[in-house]
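*Asks:* Those protein sequence lines, which keep their order, are chains A and B. Just so we're aligned, residue 1 is where the first sequence starts under this note's numbering, counting upward by one. Just so we're aligned, residue 144 is where the second sequence starts under this note's numbering, counting upward by one.
The set of hints was computed from the structure by calculation and includes no laboratory data. Note that the structure is a prediction, hence the values are computed from the model and not measured. For every residue, glycine included, the Cβ atom is placed at its ideal position computed from N, Cα and C. Any given hint might turn out to be false.
[Unchecked claim] Heads up, simulated DSS-like pairs for lysine-lysine below, C-alpha to C-alpha not over 30 Å straight-line:
#: 1; chain 1: A; residue 1: Lys2; chain 2: B; residue 2: Lys251
#: 2; chain 1: A; residue 1: Lys52; chain 2: B; residue 2: Lys359
#: 3; chain 1: A; residue 1: Lys52; chain 2: A; residue 2: Lys2
#: 4; chain 1: A; residue 1: Lys2; chain 2: B; residue 2: Lys200
#: 5; chain 1: A; residue 1: Lys52; chain 2: B; residue 2: Lys251
#: 6; chain 1: B; residue 1: Lys251; chain 2: B; residue 2: Lys319
#: 7; chain 1: B; residue 1: Lys359; chain 2: B; residue 2: Lys251
#: 8; chain 1: B; residue 1: Lys200; chain 2: B; residue 2: Lys319
[Said to hold, decoys possible] Counterexamples of contact, computed for chain B against chain A with all Cβ distances above 10 Å:
#: 9; residue: His456
#: 10; residue: Glu491
#: 11; residue: Gly527
#: 12; residue: Thr625
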Amino acid sequence: MKLLAFERRWLRAIFEAILPSNADDQLSLGVADVPIDRFVDDVLEHAPGQFKAGLRASLWVVALSPLFVIGRFKTFDRLDARARSEVLRCLAQSDIYLVREQPLLFKMVACLGYGGMPAVQRQIGIHPTDSSPPDWAREPERE
Amino acid sequence: MSGELVEFGAVSEPVEDIADVVIIGSGAAGATAGRVLTEAGIDVIIVEEGPHVPTEKLTSDMYTSFKWLWRDMGLQVGQGRAFTPILQGRCVGGTTVINGAIMHRMPKRIFDHWCEERGEGGVLRYEELERIWDQLDLELSVGTAPEDTLGRNNTLMRRGVEGLGLRGNSIRRNVKDCQGSAHCNQGCPTGRKQSMNNTYVPLAIERGARVYATCKAERFIVEGGRARGVVGRFLHPLTHEPGPTLTARARHAVVVAASAIQTPVLLHDNHIGRTSGLVGERLQCHPGAGVVGVFDDPVDMWFGANQGYESTHFWDERMKFESVAMPLEFGAARLPEVGPELMHRLGEYGHLAIWGVQVRARAHGSVRRNLFGRRSIRYDMNDGDIQLLKLGIKRLTEMMFESGAREVLPGVHGLPERISTVDEIEPIFGLTDDPRRFHCIASHMFGTAVMGLGRNNSVVDPRLEAHDLPDLYVTDSSVFPTNMGVNPQHSVCAVSWLAAEGIADRLAGR
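Full structure from sequences and hints, please.
*Replies:* So, in structure tokens, the structure goes:
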């Protein structure tokens, strides 16, 4: 399954809202500072079909949710950083189970890629067992 | 004579092989059966759906581990009112490769309960299991982690448990000279964990067993009304692209040890156990939830035994508490915040401790094929189980504060995201008994091909031979009539060992 260009933009915006760069003195690296696109490609290539379909459906729900959550007629990626955080917080605190699972799903995926990067682990104080990034994070070799 | 390990990519033509016994699955049950049968000089084939990942190829990042070692990339869920992740391995060594290496003997009271209710007593004699547990302890280096590699996540829990006057202990694990790398869930990077891929599988190969990995068992071969092998297909470990077939013939018996999730599907597809109507039914497990504590001093969960300390003080009340050091990738997703607040929290990840409660739930679920032919797991805790979970979360919170936590993140919808006194957890009892309020995971599955005396109320007999198909044995936790309230790895090994001894005796004409 491949995401369309605008879906990928939505996904990046959600990830960056969850794990922003330069938001903490100790942990300056955000998800935008790791090769998260390659991670997403890898997940979309290998994850079970049901999960991929669910991820895409959730993407649409979150992307279009600003209207219903904060009354703004914009897609998620067109909001400023503060409004994006507010939308995710509102969704996460919803009384509707399936709604509050949406941000959790993206957090789970984003953290899975982000937290596996040795550079991130080093900033947190973890001494990574592997000094080099995981396979999915490496530049594809050119022919 | 040494055997071999064959995987997808190494074969381009259909493979045919024959042995005395064919074993399906290479986890705790399958590998142990392989160990016992090959010791008796019996020729064995092991068929394993997942790939073989040697220790030197294991990586520390959780995602790569999910891809290569975990079933459905760690995304297998039980569906009910809530989605409950169901954690299992899918590789040579099975779940033993990615579990916390906890070795617990089956409580005698659970065994007695089975005997009273279901009349087990044929193959299962408790004194025999004890003999095997002693042997397993020796062979798999079962013991507690040395104090210097226990790690603060464990010693803090000990402080909390002892401070409250509760009973607790360092966990007995099958790890030899643990280095405290806290990578049990990614596959031990130092090979210290005595998981089946490092112990009984290579031992069986050394004694001549052939292991066909990345090969999914699909159909039993039945001749003269008896199980005489299995037909499977090699699959690419990541893309599942189909490869050649495997025809593994058995001169004497087939052992199914594919787990309480996969075994009933295989039995169902082969029309085994239909008389009882119990194949895939009566699924039980140990649902659990974690609580995060924030401490002023460093905890550094990334050093120490993943799961090194436990309390069984409330076992009679169907609760068990364990430390659960989570890799960053897991732990980060469990935190309640997003955005800058999450980054601040992650910046102090080294000050977080995570402990969990597992509940001996009474609820039953099922494993079936759905309308589209896919495996479907239904599972929901019942109200009583949820009330226990609440009590467990409260007790974890008490332990956290007792051990010096500054804040606790209970992770329950309807409660504050963070609390700073024990009293603030009390409102949990005013919440509805709804599983959707909690972030639970389920591990340790049981009961989907239950053993018993009669073919109307069980799938296999007390020797673990299928009522419906002679020479077909099921030796994994599918046959356990109930859950146990403790981690099952040790008991699964012992029960499979005992069944394998029975098969060996039978083949020897004893």
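*Asks:* Against this structure, judge whether each hint is valid.
*Replies:* Verification of the supplied hints:
| no. | hint | verdict |
| --- | --- | --- |
| 1 | A/Lys2 <-> B/Lys251 | violated, 53 Å |
| 2 | A/Lys52 <-> B/Lys359 | holds, 23 Å |
| 3 | A/Lys52 <-> A/Lys2 | holds, 10 Å |
| 4 | A/Lys2 <-> B/Lys200 | holds, 29 Å |
| 5 | A/Lys52 <-> B/Lys251 | violated, 45 Å |
| 6 | B/Lys251 <-> B/Lys319 | holds, 27 Å |
| 7 | B/Lys359 <-> B/Lys251 | violated, 36 Å |
| 8 | B/Lys200 <-> B/Lys319 | holds, 20 Å |
| 9 | His456 | holds, 32 Å |
| 10 | Glu491 | violated, 8 Å |
| 11 | Gly527 | holds, 21 Å |
| 12 | Thr625 | holds, 29 Å |
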